[in-house]
Amino acid sequence: MKRALLLSIALLLLGGCFKIPRETLEIVRYTFRPTELASPSDTSYDGALLVMPFTASVVQHGDRIVYKGNDQEMATYYYHRWIAPPELLLADLLAESLLEANIFSGGIYTMTSGIAPSHELQGRLVHLYADNRRGEQAAVVEIVLSIFSLDPTTYEKVLVLQKPYRYRVKREDGKIDSFIPAVTEAMELWLSDVRVDLVTMLAEQ
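With the first letter of the sequence shown counted as 1, position 196 gets the number 196 in the numbering used here; the numbers rise by one all the way through.
Some hints here could point you the wrong way.
[As the list claims (entries may be wrong)] Quick list of in silico lysine-lysine cross-link-like pairs, DSSO-like style, CA-CA up to 30 Å:
{"hint": "1", "residue 1": "Lys163", "residue 2": "Lys68"}
{"hint": "2", "residue 1": "Lys170", "residue 2": "Lys68"}
{"hint": "3", "residue 1": "Lys68", "residue 2": "Lys157"}
Hints are computed from structural coordinates only; laboratory data are not their basis.
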């Protein structure tokens, strides 16, 4: 009996001396960026656009990549994440694209610019997720943009355009490697559609 007790204690002590090796899994971060932005517009509006920081729905908060595995619920990947919260990436991407397009001769600005813009753009990210359901694999994106004209003396805002942009880009499978290119394709469609809508809106003012 005493010998068995001593053997048990020895095994416990030995167990504390050895550590089971653990595999270190790296968190991989992604972004969505079209390879080419739109070419400059043929016409330019005499004004400036202020791009406000985008907001996001509760599901989209943070840098986690959201996916839909079944009809009932959403979930997030742990080892796959965006390089920054996607609403920040969207605002930066849109501002850069509109600056390249030269739609506003006065330029594109953010909150830190300290200028008096002619228009203000607000965005809200509603959905950006990987639909991983069998037979339904796609990248799903929904962004709502609101554009206001601003009175330069009173700073009064008037809503001149509010529109939801919805995209569903099919994927070959439910893997993350097919999701990122599909999101990038959705971004290309979005940037092109926003540009068309802005040019049309400004032409009517």
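Restraint status (C-alpha distance of Lys170 to Lys68 at most 30 Å): holds (14 Å)
What's the verdict on Lys68 and Lys157, does the C-alpha distance respect the 30 Å limit or exceed it? violated (38 Å)
Given the hinted pair Lys163 and Lys68, is their alpha-carbon gap at most 30 Å? holds (25 Å)
In this structure, only the earlier hint numbered 3 is contradicted, and the remaining ones agree with it.
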